[in-house]
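Novice: If you want the building blocks of each chain, they are given just below.
There are 2 protein chains.
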Amino acid sequence: MTINQLLQKLESTSPILQANFGIERESLRVDRQGQLAQTPHPSCLGARSFHPYIQTDFCEFQMELITPVAKSTTEARRLLGAITDVTGRSISQDEVLWPLSMPPRIKAQEIQVAQLENEFERHYRNYLAEKYGTKLQAISGIHYNMELGKDLVEALFQESDQTDMIAFKNALYLKLAQNYLRYRWVITYLFGAAPIAEQGFFDQEVPEPVRSFRNSDHGYVNKEEIQVSFDNLEDYVSDIETYIANGDLIAEKEFYSAVRFRGQKANRSFLDKGITYLEFRNFDLNPFERIGISQTTMDTVHLLILAFLWLDSPENVDQVLAQGHALNEKIALSHPLEPLPDQAMTETKDIIKALDQLVQHFGLGDYHQDLVKQVKATFADPKQTLSAQLLPYIKDKSLADFALNKALAYQDYDWTAHYALKGYEEMELSTQMLLFDAIQKGINFDILDEQDQFLKLWHKDHVEYVKNGNMTSKDNYVVPLAMANKTVTKKILADAGFPVPAGDEFTSLEQGLAYYPLIKNKQIVVKPKSTNFGLGISIFQEPASLENYQKALEIAFAEDTAVLVEEFIPGTEYRFFILDGHCEAVLLRVAANVVGDGKHTIRELVAHKNANPLRGHDHRSPLEIIALGDIEQLMLAQQGYTPDDILPDGEKVNLRRNSNISTGGDSIDVTETMDSSYQELAAAMATSMGAWACGVDLIIPDETQIASKENPHCTCIELNFNPSMYMHTYCAEGPGQAITPKILDKLFPELVALKHQN
Amino acid sequence: MTINQLLQKLESTSPILQANFGIERESLRVDRQGQLAQTPHPSCLGARSFHPYIQTDFCEFQMELITPVAKSTTEARRLLGAITDVTGRSISQDEVLWPLSMPPRIKAQEIQVAQLENEFERHYRNYLAEKYGTKLQAISGIHYNMELGKDLVEALFQESDQTDMIAFKNALYLKLAQNYLRYRWVITYLFGAAPIAEQGFFDQEVPEPVRSFRNSDHGYVNKEEIQVSFDNLEDYVSDIETYIANGDLIAEKEFYSAVRFRGQKANRSFLDKGITYLEFRNFDLNPFERIGISQTTMDTVHLLILAFLWLDSPENVDQVLAQGHALNEKIALSHPLEPLPDQAMTETKDIIKALDQLVQHFGLGDYHQDLVKQVKATFADPKQTLSAQLLPYIKDKSLADFALNKALAYQDYDWTAHYALKGYEEMELSTQMLLFDAIQKGINFDILDEQDQFLKLWHKDHVEYVKNGNMTSKDNYVVPLAMANKTVTKKILADAGFPVPAGDEFTSLEQGLAYYPLIKNKQIVVKPKSTNFGLGISIFQEPASLENYQKALEIAFAEDTAVLVEEFIPGTEYRFFILDGHCEAVLLRVAANVVGDGKHTIRELVAHKNANPLRGHDHRSPLEIIALGDIEQLMLAQQGYTPDDILPDGEKVNLRRNSNISTGGDSIDVTETMDSSYQELAAAMATSMGAWACGVDLIIPDETQIASKENPHCTCIELNFNPSMYMHTYCAEGPGQAITPKILDKLFPELVALKHQN
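Protein chains in written order, with the UniProt record's numbering: chain A, 1 to 758; chain B, 1 to 758.
Hints may be right or wrong, so weigh each one.
[Unchecked claim] Capping the alpha-carbon separation at 27 Å, the derived lysine-lysine pairs in DSS-like fashion look like this:
1) Lys551/B to Lys491/A
2) Lys551/B to Lys520/B
3) Lys107/B to Lys522/B
4) Lys273/A to Lys253/A
5) Lys150/A to Lys107/B
6) Lys474/A to Lys253/B
7) Lys520/A to Lys474/A
8) Lys522/A to Lys474/B
9) Lys135/A to Lys395/A
10) Lys9/A to Lys522/B
11) Lys253/B to Lys746/A
12) Lys520/A to Lys150/B
13) Lys460/B to Lys253/B
14) Lys491/B to Lys150/A
15) Lys709/A to Lys460/B
[Said to hold, decoys possible] Cβ pair distances, simulated, as ranges:
16) Asp504/B to Leu513/A: 15 to 25 Å
17) Asn316/A to Asp675/B: 36 to 46 Å
18) Asn316/A to Asp495/B: 41 to 51 Å
19) Glu710/B to Phe120/A: 29 to 39 Å
20) Asp504/B to Ile250/A: 23 to 33 Å
21) Glu710/B to Ala409/A: 33 to 43 Å
22) Ser676/A to Trp458/B: 49 to 59 Å
23) Asp396/A to Asp504/B: 50 to 60 Å
24) Glu710/B to Ile244/A: 30 to 40 Å
25) Asp675/B to Arg122/A: 54 to 64 Å
26) Cys44/B to Asp446/A: 24 to 34 Å
27) Ala558/A to Thr74/B: 24 to 34 Å
Everything labelled a hint here was simulated from the structure, so no lab data went into it. For every residue, glycine included, the Cβ atom is placed at its ideal position computed from N, Cα and C.
I would like the entire structure built from these sequences, with the hints used as guidance.
Specialist: Take a look at the structure:
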């Protein structure tokens, strides 16, 4: 049976669209004037010797962004979007990524080969430079990798009478590759986006504009004498081996083709171990897309690939493929508005028929039906091709201005919401920040559970799991459990000689009342043992009457079966972020407030403060928008103000009593001003608990006093496991402290050592 | 000001009763015939070189049980009760603890000194044996340790004009000791319980019965020439030092007194570093109490001690104390029913007055008032003394039968509910078991939070925290978090090549429905992602119609925002308990059931099964009582039975569908029959997660198949952090496997090495 027949035998509910995808995108670093960057690859990125996501291709300034394997085109683009975000903020703010396949105006001598550590790789690039010329190597593009879904292949295999799965898959991929090469003009026609070459790129005159120089023989192609057969896999393998043996090619990867077989280290292994996936290499960068390829392109190509599987195999493969090559050359070098040549129009009928049959047989829905309609429409109307859409932007045979404007706009976008990871904004901020750093450092990542903020990170065989940004293997199991229990925490700290509020825990009203004599002259706090949302807390800054004390107990007992009565500690509360025995940051949080300037109303001051890009809603930004709702207005009224009053110069009004960030408070990074004696004391507390990542809340009445274990001049009111990190990094005031990179450095110390290599 | 005046100046709400307590109890091991045990100290107990709770005193068979410091008399007795429980089940089941101070009939040559590792200690005991005689050393008793409360002492100090707290406390304790010795006859009178000596104990004739041989000069007292002054602390210290210098005493602890100062290694240190607490040594074992001292005795003595603080200091201390010694001697050797001599009656007035004033001044409640009333009544009526209560049991000048009966009854009691720790039955079973083992092994413990099952364990400087029995520092923080998330767990296991149910997770009905084609011909389970209480689960052993599948999704989505659809795995479910990479136990749980014998009704069979002492209510016993409620009766009806039907021989009926222990199911220990290949595979799964303590749930369709990674013949449906331990140890069928001792051995490997020393 033919593959087409197998496909037709599948049930309509078979997972025809099941596949894995990966995208590689090359893009040149240029400066803000559109000149090739002469700077080295950013040193803040993990070394290229191991970085799985951000490499350089041929040149030092030619970045290559590589996604991990994704289960859908959407996910692949999402991953590429995140890697792009990291790349955009890792390169200098004076640099942008060139959005076109064809480079800006360049001189050959400007092109420096990538300064890689690996000697073979450097040698290889020098060889390519000499053989093909450096300018050619600067052409960039997108490689679209695809693996047919496991269940889909299994279903086809079951329908067949084959017994060897590896051979069966090889046959599928061979057919796919054959038809892809045969019909590669379709990709060139629909998605070609290299209509011009900037002045000086070509030594000779070339017709312009075209659809795609890159996809023509003007692009980087092997020398004409390199002819590899796709008739069968054995020939493919041995043809390339022969070229290498003869010195016509230096390595298997020097064979440039619109499609390559992938999945084994050496081609010969395909024969017994099998092809795993295909690499489609003929996609020009789409400058209208920040990541270089659109969702509809990805999905249209997916359908086309399936159509190529559906269509009959060519007979006389190499002959037909040669014809396909010629047709592609013609279409690639045609004016974008030129209609398809007759030969191509004839082939569109088969292709459209295959697409329609696929949609019909497998009951594909509106989205895919619309994609097919668009393909049909574009076949008939060249104005709808990508290259045609670029025509209006060509000025004086140049796309430089257009390209630079796009690049600058995309760079600006990367720098907005710089606390977030583009595409992952629904995850917790601290996890977004950690993912950003992981991608930057070149640590492999997989999001095991997005809702749970559960990550798998690894470098070679070293695997770490991280939840909520800092719940890691570096902490042991029982210490966070101890920190979750206030009574246990206080006992442990007190036993170790650290200052905690005096007090006791009670499990009944009677017990609580019996304590009254010991606290009747003191400032106290009465609270439920587990204070969720701050409910049920009573604070007596004046000693409490027995009656009020009882009321406070009752209020607390309504929230929990255990209640704590502690001395009230006056002073200012600070959060110390302790990591691995060292204080990394100290934060002061103050209630939502504005400070007057004698000119503006409170309403205007609030609006102005809310304009800070760090302020947003619902914990997806480091600070919250300050509201002017009932609570805030009541608070203002209690201070004698309405929102429309002008606030005197220098006068501060609080809009909330509590200092939570979530109700519009300010976070103030005081790391550099907080005396180190407090930082060391807080670190010692975390260490005595045995905690690796810990938020220590200290009340400090007078910061000017030097703290010591014997005379702490502070009290620890709480230890927090899984402490927030973003609030220390992106603050309303103060420089902010980076913490997530340190988490990763400590999880993967081996990478810190590698950092200085290239 | 005198101490009495300071007390009178305190507010009535002062914490007069605040104090720390510790109890030491000596008790002889005897066999079930009442003969001294000739066996060594139990080897299952941690070595005496470090054991904080269970030691031997003079003789190898003379056990000494020592509580840690407690904040109340109730807590001290609770701790002693637990240590007694452990002791009772650590000695041979052929042995019991002699409940009297005076030993059973013994021959001197039977008495072997304690075979301790410490050379000085062995030498010391041999010296004592020679000097005082071994029989005397076999007398046992209770030492009552007490430290006045910190806030109480602080309050008294504040009222005084003293500036040196150490000197102030020394003065308090010196006064206390003086009055205690002066009035020690009170303790002898009220609580003496050594009325006879068994035949052969004394070489000479002695009058019998008396109140307390132990508290007379017939007990173990120093030689007459040892006279230490209590006039002032300096004299106390130097008198003892002089005796040691002269060789009249070999060590400071050889000074026997009804009261000793404690808290420093050497007496001289009391002078500058201070006395911390007092040791009252004159309490005979109370044979009517399993732990040797009653709650009312503890609390009465507490009040008496406070009265001794209240009463004036003696003038001419040593002279008054000598008179007190003589009075005590007289009262100790009087017949139990003899009224107090006049001198004593006179002193009772002062004592009762002091007690009344204490009660009045500090507003002590009914409980303490009743204690004082009882003291008064007993002063007037010797029949109410403890020694008088023993009179009826003396037969032929012997208490041997009485003592042996008590000992056997107490031993029986220690062996009931042997899965629990007496006094701590409200804690979770696994924690009770861990505490039992910790006490047995000699690991220090402190319950930091009883409701939270939070323990602190330590040996020397090595501290471990344990929650819920096996949440320890040996697990890292993130692995249990991974195990709590079924999706993450499945991904990690699947990535590592272990067999998990195929399936997927959905966060919307649409997503779930789109999955239907892939599962429509399969047996599936639809369940909420977090299955609390087993709600919302649908099992389709026949493939589901789309309609029913949708209903199942809706049911699951009512319980959680994420739903799992997995293949249904047929087979039997087993729980594998993995610890540190090794499988310690395998458990099969089956639904509540009875098996017929052709004679008894189902009701009778249930009653018989419920008679198993392991069955109780509410998770405080390893198995649950099987109910015959509506659910069970419905289940019976569905099988055609009522509770009053006779069940045919060999016929099994289930009373519940689910196999939970909590609804009366049986736990069956199959560790020894489950093929090791499954045990190793389960252990490998836990190890690949990185878990130290883990419960692995495997479905095994056919146990007779050998499992391997490549052909597992089983599926892992869940990994459990904090897995239950008690259910593996105390089973309805099968031997049961001890797990908690292994937890401790792994937390404290240094103790395993020490185990074979003595």
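Novice: Each hint: holds or not?
Specialist: Results of checking the hints against the structure:
no.	hint	in the structure
1	Lys551/B to Lys491/A	violated (51 Å)
2	Lys551/B to Lys520/B	holds (14 Å)
3	Lys107/B to Lys522/B	violated (80 Å)
4	Lys273/A to Lys253/A	holds (19 Å)
5	Lys150/A to Lys107/B	violated (85 Å)
6	Lys474/A to Lys253/B	violated (48 Å)
7	Lys520/A to Lys474/A	violated (44 Å)
8	Lys522/A to Lys474/B	violated (42 Å)
9	Lys135/A to Lys395/A	holds (22 Å)
10	Lys9/A to Lys522/B	holds (21 Å)
11	Lys253/B to Lys746/A	violated (54 Å)
12	Lys520/A to Lys150/B	holds (18 Å)
13	Lys460/B to Lys253/B	holds (23 Å)
14	Lys491/B to Lys150/A	holds (17 Å)
15	Lys709/A to Lys460/B	holds (23 Å)
16	Asp504/B to Leu513/A: 15 to 25 Å	violated (56 Å)
17	Asn316/A to Asp675/B: 36 to 46 Å	violated (60 Å)
18	Asn316/A to Asp495/B: 41 to 51 Å	holds (45 Å)
19	Glu710/B to Phe120/A: 29 to 39 Å	holds (37 Å)
20	Asp504/B to Ile250/A: 23 to 33 Å	violated (45 Å)
21	Glu710/B to Ala409/A: 33 to 43 Å	violated (54 Å)
22	Ser676/A to Trp458/B: 49 to 59 Å	violated (32 Å)
23	Asp396/A to Asp504/B: 50 to 60 Å	holds (55 Å)
24	Glu710/B to Ile244/A: 30 to 40 Å	holds (37 Å)
25	Asp675/B to Arg122/A: 54 to 64 Å	holds (56 Å)
26	Cys44/B to Asp446/A: 24 to 34 Å	violated (49 Å)
27	Ala558/A to Thr74/B: 24 to 34 Å	holds (29 Å)
Checked against the numbered hints given earlier, this structure breaks hints 1, 3, 5, 6, 7, 8, 11, 16, 17, 20, 21, 22 and 26; the rest are met.
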